[in-house]
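S.K.: Below are the chains, spelled out letter by letter.
Protein chains: 4
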Amino acid sequence: MLNIGIIGAGRIGKVHAESITYHVKDAQVTAIADPFMNEETTLWAKNLGIQNIYTDYKEILKDDSIDAVLICSSTDTHADISVEAIKANKHVFCEKPISQDLGKIKEVMEALKDSNVKYQVGFNRRFDHNFEAVRNAVEEGKIGDIHIVKITSRDPDAPPIEYVKVSGGMFLDMTIHDFDMVRYLTSSDVVEVYAAGTCLVDPAIKDAGDIDTAIITMKLANGAIAVIDNSRKADYGYDQRAEVFGSKGQVAVTNDTNSTAVISTSEGVTAEKPLYFFLERYMESFSKEVSLFVRAIIDDTEVPVTINDGLQPVLIAKAAKKSLDENRPVLLSEITM
Amino acid sequence: MLNIGIIGAGRIGKVHAESITYHVKDAQVTAIADPFMNEETTLWAKNLGIQNIYTDYKEILKDDSIDAVLICSSTDTHADISVEAIKANKHVFCEKPISQDLGKIKEVMEALKDSNVKYQVGFNRRFDHNFEAVRNAVEEGKIGDIHIVKITSRDPDAPPIEYVKVSGGMFLDMTIHDFDMVRYLTSSDVVEVYAAGTCLVDPAIKDAGDIDTAIITMKLANGAIAVIDNSRKADYGYDQRAEVFGSKGQVAVTNDTNSTAVISTSEGVTAEKPLYFFLERYMESFSKEVSLFVRAIIDDTEVPVTINDGLQPVLIAKAAKKSLDENRPVLLSEITM
Amino acid sequence: MLNIGIIGAGRIGKVHAESITYHVKDAQVTAIADPFMNEETTLWAKNLGIQNIYTDYKEILKDDSIDAVLICSSTDTHADISVEAIKANKHVFCEKPISQDLGKIKEVMEALKDSNVKYQVGFNRRFDHNFEAVRNAVEEGKIGDIHIVKITSRDPDAPPIEYVKVSGGMFLDMTIHDFDMVRYLTSSDVVEVYAAGTCLVDPAIKDAGDIDTAIITMKLANGAIAVIDNSRKADYGYDQRAEVFGSKGQVAVTNDTNSTAVISTSEGVTAEKPLYFFLERYMESFSKEVSLFVRAIIDDTEVPVTINDGLQPVLIAKAAKKSLDENRPVLLSEITM
Amino acid sequence: MLNIGIIGAGRIGKVHAESITYHVKDAQVTAIADPFMNEETTLWAKNLGIQNIYTDYKEILKDDSIDAVLICSSTDTHADISVEAIKANKHVFCEKPISQDLGKIKEVMEALKDSNVKYQVGFNRRFDHNFEAVRNAVEEGKIGDIHIVKITSRDPDAPPIEYVKVSGGMFLDMTIHDFDMVRYLTSSDVVEVYAAGTCLVDPAIKDAGDIDTAIITMKLANGAIAVIDNSRKADYGYDQRAEVFGSKGQVAVTNDTNSTAVISTSEGVTAEKPLYFFLERYMESFSKEVSLFVRAIIDDTEVPVTINDGLQPVLIAKAAKKSLDENRPVLLSEITM
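Residue numbers (the working numbering), protein chains in the order written: chain X, 1 to 337; chain F, 1 to 337; chain Z, 1 to 337; chain U, 1 to 337.
FYI, nobody ran anything at the bench for these hints, they're computed from the structure. Among the hints, a few may not be true.
Note: identical chains are not told apart, hence a pair may lie in one copy or across any two.
Straight-line C-alpha distance at most 25 Å; calculated DSS-like pairs for lysine-lysine [unchecked claim]:
| hint | residue 1 | residue 2 |
| --- | --- | --- |
| 1 | K46 | K165 |
| 2 | K142 | K62 |
| 3 | K248 | K206 |
| 4 | K233 | K142 |
| 5 | K87 | K46 |
| 6 | K46 | K25 |
| 7 | K248 | K233 |
Only chain X is shown next, with the shape it has when bound in the complex (with noise of 0.2 Å):
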């Protein structure tokens, strides 16, 4: 049984206390931290059956009997933690993205050359049971060598103003899932970008200097080519496509809905909307990420998403970006850590 510490326990690390606690075998949450731990935190982390509570996350790391740690503290904090954690000699799972820094991201690659311990990034969507089934389609062989790859990622709506103005921009903070799930999809990195972006879903997020709508094009080293459109507000709901076209024929897969009601009535046939919250979209995915991090350490195999992993969608956005920003396609080698 391994003992795991989270760090941070705002939305998403309560979700992995939770599905740790009733869906990943073989592992326990035994300490949780955070800054600004409350009594409410407190209780449900009691409920929970967690043990430990912190406000500093150090205690965690000074503790001999956790064996790895979950990441999942403000996104500034990562690299850093990672380091430190890694230094402690605890298994890191940190949430994406590992950093917005290329150097920090550098010097949570420099940690790891000296340590044994697992470092997995989480790119839930990797563990979404309808993007399985298309890598799995691709990996068989039944759509045969790779041409054209197509992803639609709309946002149900928004974020709020102030959390744009920090988020690095849409690329880093979005297409950032959908830049991994290129290389996921394809097993293939990306060699060069070209971004179209615009705003048109709100003003105010062109004041903020970002962007709301775009469609990004890559060549990837295989030789196929990649599309993403992207989308800060789908009035339909939370819009997640994928489709990959080969020599052979093609996959795809749409949304998730609540169920498979379809009305008929004189006003048309209508199905269900796609599911609306990323959580309930992708819930699956977070347990399920977690087990295969754990089955990872016992089994001391590689983790399913690598640091490498980490870094390469880091690197495409910010080509993106200098991409919409001089209006040309660039290639992934000029983006320097």
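With chain X's structure known, arrange chains F, Z and U on it following the hints.
M.R.: Same frame as chain X, but now just chains F, Z and U:
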């Protein structure tokens, strides 16, 4: 080039005249007759290039240049005109049903015994792309042995009450197509029928002695069970579906629509309603059935819908009515001609 | 926090124990009993945190700290244990069917008369997301007055022949869920039943005196007509669909799948098969039904599936069997307790 | 009744001749010309009732009884014959593209300035039921302001390599329809183009200096972004889809099939492939575009596809080619006539 005379210039007669002119190879309409031939219809016929326009269908039967007739007159005249046409040595395509009176159908069968004419009955739905696809899948063995057949057949709206009164009842007027479909999809005969029927759409239909909603269960000669559900009014349009389930799987067809458009908004994910009108839904089948009739004449082969195919659904409809009246399963063998 | 004892540690007992532990708020399993309690099950129970593990369920009934029991033992013991539990003043959740013997159900009803315990029957499909969506659409008036109800319910494979022999027949063993569904979706009672049934899947089932394929027509108290089609074996998986058609339109649900993946190749455009196994298909419904049972106890409100809801499907099943045997429609009023 | 002469009796010329004869009201084909007129085509034309059959199209232009011509000759002759026909005062329906040479298109525009003839370009897909449904939804405001347009257009198989060599390149030969579709669906012009293209289907296409796989991003005058993905070969058939996403939602169309049949077996749940051949897929659009051309002549109204609608996709195609060659986004204003 076969010369065809059309007897009856009502809606279906006109449909056939136009579809032969534009879509049926090796045949042309050279005469049309209708007791109520008016100026508008005469003009329409002339524009189609029909040379002979009569009020008396006997003119068509007398014309030696005519090879075949399409009987599109009112249902109560189908059988008598069929006998006359057979005696005049014309090949006959007769709209369904041949007659609501089994004795009349017997007279046609007798007339055919001493003749060499082709006699085809107008069960056009057999030539619909969807139902053909079901039949083909069954014939190709894709679903194995047939276990269960399900047909949904719902009109978009109830007919005028004056029509209901002379229609012969829902089973003979509407379900007759579905009874034929059961035989067509299974290549098997119906042995026993149980009908549950009621009036839920319009009380005027009940006052007229008819029903508007029914579920009819049939035991087939091949051991399978079939079920039809009918309504005189589906608010969302003309609902025409079928499923055949067997030892290896199932084939199912659903409705046709004007387009594949799906609109996703905050209200839901809405596709188009089924095509509303039977002529729109089944247009292609009218030219196809006549093309095959023409083919059978030219090649001297069996017609695709025989006089027995015309008789059997009438027998089933009568058994269904008896079942409804007596609230018990009725054997087809109980229905005597 | 309600203390629950589970009587019967077979497949369904284990499902309930796990789902209560992980998903049901305000309740915990503190005891479990099974006459064949073995080492493996004991270990499983301990790992779940269940403190008391018995071979004799009477130990549970004696324990004053236990508020409610789940009866998950073999069907023939449901009624007797129900009566004992009621007398021991335990709230009861009883797996379906209460009994195949109407006299036994009557005994439970009698016992309930003099008690204040809650008694819920385990028709879990009422708590499935798809069937709930149908019911909600009906309740919200979206389809108007109900005219036709259609349920397709086909198992992925026939049960072992030894099970068939003691199952009470397909109607009591399998269709009973569908009979309940008709009542649930329509909020109406069944008045008359006509069953057409046969053996097409496996002749051994016929030798065991049972059928494996059926179409059952029901007339409802609200004037609507319902039809169920059943097969013991659908090669493509567990086929669970429903349609309710009414004066304003139709609501329909189809099967759940593992993913939305569609693969298009030269072979066709292929989606996933329905989920194969009933536990996979209906897993969420098990925690939901028990959650509502717990809720009803705590809030002292009516349970969502009453003893009468447990009785009615047994009456319908018996009428269906009588209909099959006598080949005639049978009134529910003909079935006497 | 309008008299029409058809110039060019190849595949598309024959399609128009038949569809006018059978489906276009108020028009008849009275002449057809083709330099390679042979016995078979002559017989075909006579059977259709076409009176005048020529090898020299100038005979048609000289014939005063002819009101309009359809130019269905080889692409390189479209512009010159257009100018001649305009000068001969014939209304002109010209197959797409008018020319691959912008100077030639300019000559046609010049000729039109001094004339009263109607000039329509053959972008038939505008008259397809699916794409019309998208356009209608957009025009009716159902999706609000347009943000993202996505078009998937993949041929079922690559053309012969000899054809590829003279085709003008994939953008001018194939994507040109999709460029027109972007303009049609959005009622907006393209301002800037970025094309990523490669050769993945057949290396012979690369040797011929062309590509077979592409993703083209466009910035539109209305602020929206559009993306087209192309392949010369989709193993599952002719893939023709479109989506328009906006502030209120999305409208999407997918492929047409021969039937709605879905076969469920142990192998999966399989629907039909898209219609394979463009003539099968778009047949109705050919009669519709000519019907509207005839209508515009008779009513003296604007044609639905103007000379500018013919020019713009050529400009976009040329910008796309320049983008591909120079690997940078290209403004349409960079392309000079």
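S.K.: Need the list of violated hint numbers for this structure, in ascending order.
M.R.: 1, 2, 5
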